[in-house]
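*Asks:* Protein sequence lines correspond, in order, to chains F and X. Counting with my numbering, you get residues 120 to 369 for the letters of the first sequence. Counting with my numbering, you get residues 21 to 329 for the letters of the second sequence.
Rather than coming from a laboratory, the hints here were simulated on the basis of the structure. Note that the Cβ used here is the ideal one computed from N, Cα and C, for glycine as well. Possibly wrong hints are sitting among the right ones.
Lysine-lysine pairs mimicking DSBU-like chemistry, simulated, CA-CA at most 30 angstroms apart [claimed, not checked]:
(1) F:Lys-366 to X:Lys-323
(2) X:Lys-290 to F:Lys-135
(3) F:Lys-284 to X:Lys-63
(4) F:Lys-366 to X:Lys-239
(5) F:Lys-350 to X:Lys-290
(6) X:Lys-63 to F:Lys-151
(7) F:Lys-350 to X:Lys-323
(8) F:Lys-366 to F:Lys-350
(9) F:Lys-221 to F:Lys-284
(10) X:Lys-70 to F:Lys-360
(11) X:Lys-239 to F:Lys-350
(12) F:Lys-360 to X:Lys-63
(13) F:Lys-335 to X:Lys-290
(14) F:Lys-121 to F:Lys-284
(15) F:Lys-314 to F:Lys-151
(16) F:Lys-366 to X:Lys-290
(17) X:Lys-239 to F:Lys-360
(18) F:Lys-316 to F:Lys-221
(19) F:Lys-139 to X:Lys-290
Ranges between beta-carbon positions, derived for each pair [unchecked claim]:
(20) F:Thr-273 to X:Glu-33: 27 to 37 angstroms
(21) X:Ala-238 to F:Leu-310: 24 to 34 angstroms
(22) F:Ile-147 to X:Thr-22: 38 to 48 angstroms
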Amino acid sequence: MKLLVAIKRVVDYNIKVRAKADGSDVDIATVKMSINPFDEVAVEEALRLREAGIATEIVAVAVGTAQSQDVLRHALAMGVDRAILVETDAVTEPLATAKLLKAITQREQPQLILIGKQAIDDDAAETGQMLAALLNVGQGTFASKLELTSSHVTVTREISGGQEKVSLPLPAVITADLRLNEPRYVKLPNLMQAKKKPIETVKSSDLGVDLVPRLKLLQVAEPPARAPGIKVSSVAELVQKLRDEAKVLS
Amino acid sequence: MTILIVAEHDHHELKSATRSAITAATALGEDIHLLITGHGVDKVAQAAAKVQGVTRVRVADDLAYTHGLPENLAPLLVLIAPDYTTVMAAADSFGKNLLPRVAALLDVAMVSEVTQIVDQNIFVRPIYAGNLNATVQTTDPIKVLTVRATSFPAAPDGGAADIETLPTTGDTGLATWISTEIHAMDRPELSTAHVVVSGGRALGSAERFQEVLSPLAAKLNAALGATRAAVDAGYAPNEWQVGQTGTVVAPDLYIAIGVSGAVQHLAGMKDSRVIVAINHDPDAPIFQWADYGLVADLFEAVKELENSL
Numbered sequence: 120m121k122l123l124v125a126i127k128r129v130v131d132y133n134i135k136v137r138a139k140a141d142g143s144d145v146d147i148a149t150v151k152m153s154i155n156p157f158d159e160v161a162v163e164e165a166l167r168l169r170e171a172g173i174a175t176e177i178v179a180v181a182v183g184t185a186q187s188q189d190v191l192r193h194a195l196a197m198g199v200d201r202a203i204l205v206e207t208d209a210v211t212e213p214l215a216t217a218k219l220l221k222a223i224t225q226r227e228q229p230q231l232i233l234i235g236k237q238a239i240d241d242d243a244a245e246t247g248q249m250l251a252a253l254l255n256v257g258q259g260t261f262a263s264k265l266e267l268t269s270s271h272v273t274v275t276r277e278i279s280g281g282q283e284k285v286s287l288p289l290p291a292v293i294t295a296d297l298r299l300n301e302p303r304y305v306k307l308p309n310l311m312q313a314k315k316k317p318i319e320t321v322k323s324s325d326l327g328v329d330l331v332p333r334l335k336l337l338q339v340a341e342p343p344a345r346a347p348g349i350k351v352s353s354v355a356e357l358v359q360k361l362r363d364e365a366k367v368l369s
Numbered sequence: 021m022t023i024l025i026v027a028e029h030d031h032h033e034l035k036s037a038t039r040s041a042i043t044a045a046t047a048l049g050e051d052i053h054l055l056i057t058g059h060g061v062d063k064v065a066q067a068a069a070k071v072q073g074v075t076r077v078r079v080a081d082d083l084a085y086t087h088g089l090p091e092n093l094a095p096l097l098v099l100i101a102p103d104y105t106t107v108m109a110a111a112d113s114f115g116k117n118l119l120p121r122v123a124a125l126l127d128v129a130m131v132s133e134v135t136q137i138v139d140q141n142i143f144v145r146p147i148y149a150g151n152l153n154a155t156v157q158t159t160d161p162i163k164v165l166t167v168r169a170t171s172f173p174a175a176p177d178g179g180a181a182d183i184e185t186l187p188t189t190g191d192t193g194l195a196t197w198i199s200t201e202i203h204a205m206d207r208p209e210l211s212t213a214h215v216v217v218s219g220g221r222a223l224g225s226a227e228r229f230q231e232v233l234s235p236l237a238a239k240l241n242a243a244l245g246a247t248r249a250a251v252d253a254g255y256a257p258n259e260w261q262v263g264q265t266g267t268v269v270a271p272d273l274y275i276a277i278g279v280s281g282a283v284q285h286l287a288g289m290k291d292s293r294v295i296v297a298i299n300h301d302p303d304a305p306i307f308q309w310a311d312y313g314l315v316a317d318l319f320e321a322v323k324e325l326e327n328s329l
């Protein structure tokens with residue numbers, strides 16, 4: 120069985136991003152970039168399905184600039200079989216990304232498509248659901264456990280207050296929650312080897328997808344700061360402040 | 021300017037988050053329709069008709085809608101969406117699952133987790149775990165939004181809307197529900213509780229997490245929350261996790277106990293009205309966000325706090 124894993128290059132999760140001075144966008148010119156952590160979980164799950172003998176081939180795909188080769192190399196170092204870069208200089212919104220991924224899916228014909236439940240830059244949590252819609256297949260979102268057979272996937276989903284289990288006929292789209300697994304560490308020799316592996320590049324313009332943004336970004340700003348707080352010296356003082364000053368205790 | 025809100029409910033009553041979405045919708049227009057989907061939803065439809073601000077309740081009753089599967093609900097939404105300028109839902113696990121699917125089928129962009137409505141086309145939403153806010157303007161003929169419930173108060177009762185029955189679209193066969201396991205709670209629901217008592221990894225074990233925090237939470241009628249580190253260590257179940265990747269809360273009082281204040285945790289609670297932090301480490305980042313910080317041994321301090329309430 121062939122699996123497709125979609126990954127995104129994002130600002131590393133340890134970096135505190137700032138707005139540009141003119142508030143026009145996020146300032147990411149010089150910051151460290153990494154694979155989106157949720158997508159890394161999706162890659163790991165695909166690898167485990169191959170190691171369990173259920174999947175036979177894993178293709179990783181990224182949509183982005185030529186620099187997105189970094190995260191494809193990371194996926195190759197983790198162990199995926201092939202990598203495809205859908206190259207575009209435009210920043211694609213989730214809908215456009217989903218359309219590009221649909222084009223790659225139709226070419227590759229995977230039985231299962233895995234993607235992170237959200238990217239930690241725009242926090243949209245839309246692309247997987249949109250891809251499932253465009254492909255007219257089932258969606259197992261916020262997945263914390265998968266059971267895959269040759270015809271179906273049973274997905275445990277994290278929902279408000281608990282879990283839900285659904286069964287989807289293949290092909291289907293899965294969006295990975297962090298609880299699905301803990302990704303393996305990439306060893307340096309694997310990373311060196313991955314640098315030599317080929318990455319296929321597809322020009323987004325060759326896929327016939329309209330990438331024109333539907334949303335206009337008007338401003339990026341830091342949220343209003345909280346008024347500075349105080350340190351209290353005892354529990355008694357804390358209780359007194361909560362009662363008399365903050366009025367949150369009766 | 022007619023707005024459609026996709027309601028979330030448990031077949032008995034509306035979720036409080038849906039009431040928040042109704043309040044948000046009042047900033048967009050006066051004609052607000054509420055879509056109730058499910059099987060055997062008369063009771064919840066009657067209740068929905070009484071919510072202030074709702075002008076019409078549209079009911080789609082079908083066995084295929086019982087469990088809110090997006091594969092079955094999206095075709096219904098696509099059918100009725102052209103009647104509306106905006107289709108919206110609360111940004112919880114139901115709305116976040118369904119609405120992107122609807123947006124893609126309508127070939128329109130979506131705006132997720134809206135925290136502020138500037139005008140009918142301009143919305144503010146958090147990005148980068150809430151470290152920044154983006155203001156975006158939509159250009160599509162139909163706007164698809166999810167709104168963050170903690171940013172809008174729940175709409176009270178006080179309306180009298182018409183109830184209309186819709187034709188349904190049936191089962192697509194693209195998904196089958198197997199089971200739902202909702203963890204029994206003797207505490208208020210985390211996302212809507214007025215008080216949240218939250219613990220970090222400093223609690224040390226699942227047993228101590230319960231032993232130390234439960235009595236305090238009981239006294240305050242608070243929901244229990246946890247950091248991702250505490251959840252990953254197995255001290256607390258996943259659905260207690262507060263943060264960028266867990267539940268976003270904004271209670272009147274948030275008490276962070278043994279919480280260091282990781283960025284991803286702060287993203288989930290920094291809009292709380294009053295934040296209290298109790299931690300033995302005076303340099304813990306949580307103190308920069310706390311209205312009241314207490315540097316102390318958490319086990320002693322929590323016991324003392326509980327006894328003085």
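*Asks:* So, for every hint listed, does it hold in this structure?
*Replies:* Each hint tested on the structure:
Of the pairs offered as hints, the one joining Lys-366 (chain F) and Lys-323 (chain X) holds, with about 21 angstroms between alpha carbons and a cut-off of 30 angstroms not exceeded. About 16 angstroms separates the Cα atoms of Lys-290 (chain X) and Lys-135 (chain F), which keeps this hinted pair within 30 angstroms; it holds. With a C-alpha separation of about 26 angstroms, the suggested pair Lys-284 (chain F) and Lys-63 (chain X) falls inside the 30 angstroms cut-off, and the hint holds. A distance of roughly 16 angstroms separates the Cα atoms of Lys-366 (chain F) and Lys-239 (chain X); the hinted pair therefore holds under the 30 angstroms criterion.
In summary, the hint linking Lys-350 (chain F) to Lys-290 (chain X) is supported, as the alpha carbons are separated by about 18 angstroms, within the 30 angstroms threshold. For the hint pairing Lys-63 (chain X) with Lys-151 (chain F), the CA-to-CA distance comes to about 53 angstroms; that exceeds 30 angstroms, so the pair is violated. At most 30 angstroms may separate the alpha-carbon atoms for a hinted pair to count; Lys-350 (chain F) and Lys-323 (chain X) meet this at roughly 19 angstroms. Taken as a hint, the Lys-366 (chain F) and Lys-350 (chain F) pair is honoured in the structure, with Cα atoms around 17 angstroms apart against an allowance of 30 angstroms.
Straight-line distance between C-alpha atoms of Lys-221 (chain F) and Lys-284 (chain F) comes to about 26 angstroms, which keeps the hinted pair within the 30 angstroms bound. Restraint check: the Cα-Cα separation between Lys-70 (chain X) and Lys-360 (chain F) comes to about 40 angstroms, which exceeds 30 angstroms; the hinted pair is violated. The suggested pairing of Lys-239 (chain X) with Lys-350 (chain F) holds, with an alpha-carbon distance near 24 angstroms, which does not exceed 30 angstroms. Distance restraint check for Lys-360 (chain F) and Lys-63 (chain X): the Cα-Cα separation of roughly 44 angstroms exceeds the 30 angstroms cut-off, and the hinted pair is therefore not satisfied.
Our distance criterion of 30 angstroms between C-alpha atoms is met by Lys-335 (chain F) and Lys-290 (chain X), whose separation comes to about 27 angstroms. Using a Cα cut-off of 30 angstroms, the hinted pair Lys-121 (chain F) and Lys-284 (chain F) holds, with the two alpha carbons roughly 23 angstroms apart. For the hint linking Lys-314 (chain F) to Lys-151 (chain F), the alpha-carbon distance of about 19 angstroms falls within 30 angstroms, and the restraint holds. For the hint linking Lys-366 (chain F) to Lys-290 (chain X), the alpha-carbon distance of about 19 angstroms falls within 30 angstroms, and the restraint holds.
As the CA atoms of Lys-239 (chain X) and Lys-360 (chain F) are separated by approximately 18 angstroms, the hinted pair is consistent with the 30 angstroms bound. For the hint linking Lys-316 (chain F) to Lys-221 (chain F), the alpha-carbon distance of about 25 angstroms falls within 30 angstroms, and the restraint holds. Proximity of Lys-139 (chain F) to Lys-290 (chain X) is assessed by CA-CA distance (about 23 angstroms); at most 30 angstroms being required, the pair is judged to hold. In this structure the supplied range 27 to 37 angstroms holds for Thr-273 (chain F) paired with Glu-33 (chain X), their Cβ-Cβ distance being about 30 angstroms.
Between Ala-238 (chain X) and Leu-310 (chain F), the C-beta spacing of about 51 angstroms breaks the proposed range 24 to 34 angstroms. For Ile-147 (chain F) and Thr-22 (chain X), the hinted distance range of 38 to 48 angstroms is satisfied, since their beta carbons lie about 39 angstroms from each other.
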